[in-house]
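Line by line, the protein sequences are chains P and U. Position one of the first sequence corresponds to residue 1 (this note's numbering), numbered consecutively onward. Position one of the second sequence corresponds to residue 115 (this note's numbering), numbered consecutively onward.
These aren't lab readings, by the way, just hints derived from the structure by calculation. Any given hint could turn out to be false.
A few chain P positions that, by computed beta-carbon distances, are all more than 12 Å from chain U [as the list claims (entries may be wrong)]:
id : residue
1  : Pro8
2  : Leu13
3  : Thr20
4  : Lys70
5  : Gln72
6  : Pro83
7  : Ser84
8  : Val113
9  : Leu114
Calculated lysine to aspartate or glutamate pairs in the EDC-like style (CA-CA distance at most 20 Å, straight line) [claimed, not checked]:
id : chain 1 : residue 1 : chain 2 : residue 2
10 : U       : Lys212    : P       : Glu101
11 : P       : Lys57     : P       : Asp38
12 : U       : Lys212    : P       : Glu52
13 : U       : Lys164    : P       : Glu101
14 : U       : Lys173    : U       : Glu130
15 : P       : Lys57     : P       : Glu79
16 : P       : Lys71     : P       : Asp26
17 : U       : Lys151    : U       : Glu128
18 : U       : Lys206    : P       : Glu101
19 : P       : Lys70     : P       : Glu52
20 : U       : Lys151    : P       : Asp38
21 : U       : Lys140    : P       : Glu59
22 : U       : Lys206    : P       : Glu59
23 : U       : Lys212    : P       : Glu59
24 : U       : Lys212    : P       : Asp62
25 : P       : Lys9      : U       : Glu154
26 : U       : Lys212    : P       : Glu30
27 : P       : Lys70     : P       : Glu30
Covered, in the sense of this in silico footprint (three residues per stretch, anywhere, with C-beta under 8 Å from a C-beta of chain U), are these stretches of chain P [as the list claims (entries may be wrong)]:
id : stretch
28 : 42-49
29 : 102-112
Where is the CB? At the ideal position from N, CA and C, for every residue including glycine.
Take a look at the letters that make up each chain.
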Amino acid sequence: NAGVTQTPKFRVLKTGQSMTLLCAQDMNHEYMYWYRQDPGMGLRLIHYSVGEGTTAKGEVPDGYNVSRLKKQNFLLGLESAAPSQTSVYFCASSPGHPYQETQYFGPGTRLLVL
Amino acid sequence: QQPVQSPQAVILREGEDAVINCSSSKALYSVHWYRQKHGEAPVFLMILLKGGEQKGHEKISASFNEKKQQSSLYLTASQLSYSGTYFCGTEKIQGAQKLVFGQGTRLTINP
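Kindly produce the complete structure, drawing on both the sequences and the hints.
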């Protein structure tokens, strides 16, 4: 099993450009999450999904959109990138309720917005 | 609301002990601990549930004090491989479906 994979690994964007980050998991997990990690800020939840076709906002959702059309995939979109969105983005998945289940993280995507 | 971790950073010599704390201003249902090595993804260590027992994983253990709304991670006789940034993730109610992570504690183990 590949676990959780993220595409791309690294990307440079110009301000105003758009892009989509893809997260895929092969563990048949119900829950999926998108986080951003900035120095000294820890992991902050952007959006999450508790099942195919569902999405919900996290702590820092502004400027991002998500879709979960298939259970194994969770897409994060930036419609108009801004320098403040320069960060490392992690996707994670878990089998069910987080309070009893660990979250499995992908390797991360480094995004630089110029 | 983000839990607060302390200390923010700690430097130890191999074999020394360390304690990392995670405090919340609100009641917690569960606390999850993760370790992240530089340039890698966070990796799960353990979960502590309200009313549950102290947990252990080799020389790494943790406790959860519900009254103080605090969890502590204990690293005993630290090894070089323990270096990394430790995060606590908290859940305030059962079934909240998401965690709120602290800002992290950077642990450096020197030979």
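Status of each hint after checking the structure:
1. Taking the minimum C-beta to C-beta distance to chain U, about 15 Å, the non-interface status of P:Pro8 holds against the 12 Å cut.
2. A cut-off of 12 Å between C-beta atoms confirms that P:Leu13 is not in contact with chain U; the least separation is 21 Å.
3. Here P:Thr20 stays apart from chain U, with its beta-carbon at least about 20 Å from theirs, past the 12 Å limit.
4. Against the 12 Å criterion, P:Lys70 stays outside the reach of chain U, whose nearest CB is about 20 Å from its own CB.
5. The claim that P:Gln72 is not at the interface with chain U holds, since no C-beta of that chain comes within 12 Å of its own (minimum 18 Å).
6. The claim that P:Pro83 is not at the interface with chain U holds, since no C-beta of that chain comes within 12 Å of its own (minimum 22 Å).
7. Every Cβ of chain U is farther than 12 Å from the Cβ of P:Ser84; the closest lies at roughly 18 Å, confirming the non-interface assignment.
8. At roughly 20 Å, the least C-beta separation between P:Val113 and chain U is larger than 12 Å, which holds for a residue marked as non-interface.
9. Its beta-carbon lying about 22 Å from the closest one in chain U, P:Leu114 satisfies the requirement of being farther than 12 Å from that chain.
10. Pair hint U:Lys212 plus P:Glu101 holds up; C-alpha atoms about 11 Å apart against a cutoff of 20 Å.
11. Of the supplied pair hints, the one linking P:Lys57 and P:Asp38 holds, its CA atoms being roughly 19 Å apart against a limit of 20 Å.
12. Between U:Lys212 and P:Glu52 the alpha-carbon distance is near 16 Å, which keeps this suggested pair within the 20 Å criterion.
13. Our distance criterion of 20 Å between C-alpha atoms is met by U:Lys164 and P:Glu101, whose separation comes to about 15 Å.
14. The straight-line distance between the Cα atoms of U:Lys173 and U:Glu130 is roughly 12 Å, inside the 20 Å bound, and the hint therefore holds.
15. Between P:Lys57 and P:Glu79 the CA atoms are separated by roughly 16 Å; this keeps the pair inside 20 Å, and the hint holds.
16. Between P:Lys71 and P:Asp26, the direct Cα distance comes to roughly 9 Å. Compliance with the 20 Å bound is thereby established for this hinted pair.
17. With a C-alpha separation of about 17 Å, the suggested pair U:Lys151 and U:Glu128 falls inside the 20 Å cut-off, and the hint holds.
18. At roughly 15 Å between alpha-carbon atoms, U:Lys206 and P:Glu101 fall within 20 Å of each other, so this suggested pair holds.
19. The hinted pair formed by P:Lys70 and P:Glu52 meets the criterion: a straight-line CA distance of about 6 Å does not exceed 20 Å.
20. As the CA atoms of U:Lys151 and P:Asp38 are separated by approximately 15 Å, the hinted pair is consistent with the 20 Å bound.
21. Simply put, U:Lys140 and P:Glu59 have alpha-carbon atoms about 17 Å apart, close enough for the 20 Å limit, and the pair holds.
22. Only pairs whose Cα atoms come within 20 Å are accepted, and U:Lys206 paired with P:Glu59 is accepted, the gap being roughly 15 Å.
23. For the proposed pair U:Lys212 and P:Glu59, the alpha carbon gap of about 10 Å is at most 20 Å, so the pair holds.
24. Between U:Lys212 and P:Asp62 the alpha-carbon distance is near 18 Å, which keeps this suggested pair within the 20 Å criterion.
25. Distance hint between P:Lys9 and U:Glu154 is fulfilled; the C-alpha atoms sit about 12 Å from each other, no more than 20 Å.
26. The suggested pairing of U:Lys212 with P:Glu30 holds, with an alpha-carbon distance near 13 Å, which does not exceed 20 Å.
27. Note on P:Lys70 and P:Glu30: the hinted pairing holds, with a Cα-Cα distance of about 11 Å set against a maximum of 20 Å.
28. Under the rule that three or more residues need a Cβ within less than 8 Å of chain U, the assignment of the stretch 42-49 of chain P holds, with 5 such residues.
29. Only residues whose C-beta sits within less than 8 Å of a C-beta in chain U count toward coverage, and the stretch 102-112 of chain P has 7 of them, enough to reach three; the restraint holds.
Checked against the numbered hints given earlier, the structure satisfies every one of them.
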